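Got chain A; can you put chain B on it based on the hints?
Protein sequence lines, in the order shown, are assigned to chains A and B.
The opening position of the first sequence corresponds to residue 43 in my numbering, with each subsequent residue numbered one higher.
The opening position of the second sequence corresponds to residue 1183 in my numbering, with each subsequent residue numbered one higher.
If you are wondering where the hints come from, they were derived from the structure by calculation, not from laboratory data.
This structure is a prediction, so every number in the text was calculated from the model and none was measured.
By construction, the Cβ of each residue, glycine as well, lies at the ideal position given by its N, Cα and C atoms.
Don't take each hint at face value.
[Claimed, not checked] Okay, the calculated beta carbon distance ranges per label pair:
{"hint": "1", "chain 1": "A", "residue 1": "Gly372", "chain 2": "B", "residue 2": "Glu1201", "range": "51 to 59 Å"}
{"hint": "2", "chain 1": "B", "residue 1": "Pro1214", "chain 2": "A", "residue 2": "His172", "range": "53 to 61 Å"}
{"hint": "3", "chain 1": "A", "residue 1": "Glu332", "chain 2": "B", "residue 2": "Gly1554", "range": "29 to 37 Å"}
{"hint": "4", "chain 1": "B", "residue 1": "Glu1656", "chain 2": "A", "residue 2": "Glu280", "range": "48 to 56 Å"}
{"hint": "5", "chain 1": "B", "residue 1": "Lys1642", "chain 2": "A", "residue 2": "Gly89", "range": "36 to 44 Å"}
{"hint": "6", "chain 1": "A", "residue 1": "Arg396", "chain 2": "B", "residue 2": "Glu1480", "range": "35 to 43 Å"}
{"hint": "7", "chain 1": "A", "residue 1": "His229", "chain 2": "B", "residue 2": "Glu1450", "range": "47 to 55 Å"}
{"hint": "8", "chain 1": "B", "residue 1": "Val1603", "chain 2": "A", "residue 2": "Asp353", "range": "52 to 60 Å"}
{"hint": "9", "chain 1": "A", "residue 1": "Glu280", "chain 2": "B", "residue 2": "Ser1645", "range": "32 to 40 Å"}
{"hint": "10", "chain 1": "A", "residue 1": "Pro226", "chain 2": "B", "residue 2": "Met1659", "range": "48 to 56 Å"}
{"hint": "11", "chain 1": "A", "residue 1": "Asp234", "chain 2": "B", "residue 2": "Asn1434", "range": "54 to 62 Å"}
[As the list claims (entries may be wrong)] Among the chain A residues that face chain B by a calculated CB cut under 7 Å, a handful are:
{"hint": "12", "residue": "Leu47"}
{"hint": "13", "residue": "Gly62"}
{"hint": "14", "residue": "Glu96"}
{"hint": "15", "residue": "Asn103"}
{"hint": "16", "residue": "Tyr238"}
{"hint": "17", "residue": "Gln266"}
Residue strings, one per chain:
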Amino acid sequence: MGKRLMKGNEAAVHGALMGGCTHFFGYPITPASEISQAAAYYFTAAGRTFLQAESEVSVINMLYGAASAGARVMTASSGPGIALMGEGLSYLAGAKLPSVVIDMQRAGPGLGNIWPEQSDYNMVVKGGGHGNYSNITLTPASAQEMFDFTRKAFELADRYRMTVFILSDAYIGQMMEPVEISGPVLHGQRKDWAVYGDSQSRKNLISSIYMSPALQRKHNEELQQTYRQVEQEVVDYELYMADDAEIVFVAYGIVARICHSAVHALREQGIRASLLRPKTVFPFPKNVVEDFAKRGIPLAVVELSSGQMADDVSLAANGNVEVLRYLTMGGETPTVAELVSSVRRDLATLGSRRSS
Amino acid sequence: MIGQVQKFGKSDSFYDTYERKGEGEQSTHYCPGCGHGTIQKLIAQAIDDLKIQDRTIFLSPVGCSVFAYYYYDTGNIQCSHGRAPAVATGVKRTVKDAIVISYQGDGDLAGIGMTEIVHAANRGEPITVFFINNAIYGMTGGQMAPTTPLGRKTLTTPFGRDRDRDGMPMGMAELMQAIAAPVFIERCSVATPKELLKTRKAVHKALQNQIDNKGFSFVEILSPCPTNWGMSPVDARTWMDQQMTLLYPLGNFRDSVTKQDDRPGDQEEPLWLDDEALVDLLKGASDVPVMRMEPLSETQRVKIAGFGGQGVLSAGELVATCGMSEGLAVSWLPSYGPEMRGGSANVSVTLSMEDVGSPLVDHPNVLLVMNGPSLDHFEDQVVENALVFVNSSIVTRKVRRTDVRTIYIPATDLAQEAGLVSAANVVMVTAYLLLSKAIPLDTLKRCIPLVLRKKAFLEKNLSLVERTMVYLQENGMV
Chain A
43 MGKRLMKGNE AAVHGALMGG CTHFFGYPIT PASEISQAAA YYFTAAGRTF
93 LQAESEVSVI NMLYGAASAG ARVMTASSGP GIALMGEGLS YLAGAKLPSV
143 VIDMQRAGPG LGNIWPEQSD YNMVVKGGGH GNYSNITLTP ASAQEMFDFT
193 RKAFELADRY RMTVFILSDA YIGQMMEPVE ISGPVLHGQR KDWAVYGDSQ
243 SRKNLISSIY MSPALQRKHN EELQQTYRQV EQEVVDYELY MADDAEIVFV
293 AYGIVARICH SAVHALREQG IRASLLRPKT VFPFPKNVVE DFAKRGIPLA
343 VVELSSGQMA DDVSLAANGN VEVLRYLTMG GETPTVAELV SSVRRDLATL
393 GSRRSS
Chain B
1183 MIGQVQKFGK SDSFYDTYER KGEGEQSTHY CPGCGHGTIQ KLIAQAIDDL
1233 KIQDRTIFLS PVGCSVFAYY YYDTGNIQCS HGRAPAVATG VKRTVKDAIV
1283 ISYQGDGDLA GIGMTEIVHA ANRGEPITVF FINNAIYGMT GGQMAPTTPL
1333 GRKTLTTPFG RDRDRDGMPM GMAELMQAIA APVFIERCSV ATPKELLKTR
1383 KAVHKALQNQ IDNKGFSFVE ILSPCPTNWG MSPVDARTWM DQQMTLLYPL
1433 GNFRDSVTKQ DDRPGDQEEP LWLDDEALVD LLKGASDVPV MRMEPLSETQ
1483 RVKIAGFGGQ GVLSAGELVA TCGMSEGLAV SWLPSYGPEM RGGSANVSVT
1533 LSMEDVGSPL VDHPNVLLVM NGPSLDHFED QVVENALVFV NSSIVTRKVR
1583 RTDVRTIYIP ATDLAQEAGL VSAANVVMVT AYLLLSKAIP LDTLKRCIPL
1633 VLRKKAFLEK NLSLVERTMV YLQENGMV
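So here's chain A without its partners, still in its complex pose:
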């Protein structure tokens, strides 16, 4: 089957339409604007709904409204915009409304800059808004995965009645790669809990409020139950050249691509490097991390942040093995050569520590 060369940003919109998304609400922000722009064209041309809202606050509440009425909905933004959506994301979780949100991460804090970082990890993966809740979070590392994951996100969102995040970065969005537009077109089904403005759905209520602590507690426990189920059913990752690993990179997004090259470069120098690439970070592939840790294979987290995902790796490793952190902030990315020399240095240190 033929492929089209397209940016990750454009691939996401293709994936959304193939995933049955009917409503896109957007607000411009670099480096996510191209997603809204592509949606403005393709959603409109396909007779679906695209609307540019007056703010990210309005965007997330338009999602709330359209999802309440049973639509498959999405938006895309970047750090400052996602932060503004925080309250709305919490409401979506509380009201158990399915939605899909793309975060094309840029550098922060504050206005920061438009180069890639992975510093929204905690905000997105740990919820971001108020209250106890989680978002399913998918982490694509190619234009094809921007398509595939976005398409799949709508099924996950409907199945678990949750927000599904696509946590990506400026590079994955900007990069063009061949993308296969694979079908079939998915469609959302009528939801027995949604309000359609008809007699069958008249008794339905979309709400996140339970006035009695007992009922609010029950609601919270049910949400947590769903998240535990998601941890069992949704976790996904790729292991690359991991059978004979003496050190394992842990990385997602653009950094996983750099690590992929670093694995080859290190192996050319006789170091059996490997890569664990989480495709979901909630749920986090804890078990596979734990497994490496128990076998004493050191883990090297490469991340464009202060170590936000590295904390999850450390938690799963549970002190069983060294968790190295190769962290870059501000919009820069590590080079393959830098990773190679860091690994050589640290393996030597670990080796001498063990033999002493």
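Same frame as chain A, now just chain B:
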């Protein structure tokens, strides 16, 4: 119907008992003398009269309005503080036949939700907004609202609302009047039986407008809050009638009969594409066949750099498209953003037989430089034995590195001779693909139409490829 004697007993669109409030519950959560109960009865009657109970979706945002879903036997959505007009927008654009009611208080609508109400009004969302103005935050216990009169003491204005500190009371109906799109704007009151009848009529009209899909209707209703005003219910109504209406004059501000679908500037709604048509739209014209015959001798790590406007990014796109059309793994990564606007641009392209790892090209084995600064910037970064192509029409100096293979080609001149002002990039790419033998010339010609934006220049571009080949042959480069 309107004008008839008011019905007794509960409207059909209210639940018989308020089970969501508590088992067997018959009373509302409103305080004695509160206007909400009265207004909600009027709305319930209108829903009955207009026979829209099944179609109605009632939005309860935050404030005393929050529990409207206890009472209305309609579709219900509880939403966040101030955002009901945005939620309503999402609902209405999904279920166009639904009757969407946004029922908001003054803190909700005129304070925290000012942005949402103004923009929903400006888009002319065909919804109905009931704005309950009681000049105070009720649910939170009596703090200053944007509509609180000057001098009025509240929990957060213990010495009275001060003009210099707190600003003037906000007239929302007047503000709505400044926006072109709304079709119906009225301010009414529940202070007296006479005003109540007018309110009843306005509520009815605002819902009828939505049934007729006329546009955005806004009804501001002055309403008493005896509890937080510190007045008896009777005194509260007297104060409203005699004082509050001076600040907020009653009356109809607009009653436009223009049908929404007759407005100038409206576009026809595009048709819903079925699955097959959708896939056709998404696959587009760039769906190219895979037909590579020979393996690639070496992974191509290409950097192309020049001024913005020299076609640097599209040169990269052309190389990547050629690679893709031959079944190679490819990636294309631009420099972007402020760095690019008006300044220099560069793009990294990788062509490989295996999956592309890092799409970032730190050390190119192919460099195409379109201008001098790009040569200065990237010359030191290329690997030994790299191919370096220099646009000698623009770059005046020679390459200093002696461990690379350098090709000088007057790309800008060759393009201009061919009658193309901005096709130096095609010359550079042609030279690169010919000399490196990475991609056959036929593939290049096949891919140019896929990348070229101005289709009228296709023939000229294709002959420029030939001209470049001849130039290279004449100069003994191939």
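Next item on the list: Indicate whether the distance between the beta carbons of Glu280 (chain A) and Ser1645 (chain B) respects the range 32 to 40 Å.
Entry: violated (47 Å)
Notebook entry, point to check: Okay, Arg396 (chain A) versus Glu1480 (chain B) on CB: inside 35 to 43 Å?
Noted result: Holds, at about 39 Å.
Check: Between His229 (chain A) and Glu1450 (chain B), is the Cβ distance one that fits in 47 to 55 Å?
Finding: violated (24 Å)
Check: Taking the CB of Asp234 (chain A) and the CB of Asn1434 (chain B), does the distance hold inside 54 to 62 Å?
Finding: Taking Cβ atoms as reference, Asp234 (chain A) and Asn1434 (chain B) lie about 42 Å apart, which means the hint is violated.
Check: For the pair Gly372 (chain A) and Glu1201 (chain B), does the Cβ-Cβ distance stay inside 51 to 59 Å?
Finding: Hint holds: Cβ distance 56 Å, inside 51 to 59 Å.
Item checked: Agreement of hint Tyr238 (chain A) with chain B interface, Cβ distance less than 7 Å -> holds (5 Å)
Next item on the list: For Glu1656 (chain B) and Glu280 (chain A), compare the CB-CB distance with the range 48 to 56 Å and indicate the outcome.
Entry: holds (51 Å)
Next item on the list: With respect to the beta-carbon atoms only, verify the hint that Pro226 (chain A) and Met1659 (chain B) lie 48 to 56 Å apart.
Entry: This hint holds: roughly 51 Å between Cβ atoms.
Next item on the list: Would you settle whether the hint for Asn103 (chain A) is holds or violated, based on the nearest Cβ-Cβ distance to chain B being less than 7 Å?
Entry: holds (4 Å)
Notebook entry, point to check: Is the hinted range of 52 to 60 Å satisfied by the C-beta distance from Val1603 (chain B) to Asp353 (chain A)?
Noted result: holds (55 Å)
Item checked: Minimum beta-carbon distance criterion (7 Å), Gly62 (chain A) to chain B -> Nearest chain B Cβ about 10 Å off; hint violated.
Notebook entry, point to check: Taking the least C-beta to C-beta distance, is Gln266 (chain A) closer than 7 Å to chain B?
Noted result: Violated. Min distance 22 Å.
In summary, the numbered hints that this structure violates are 2, 3, 7, 9, 11, 13, 17.
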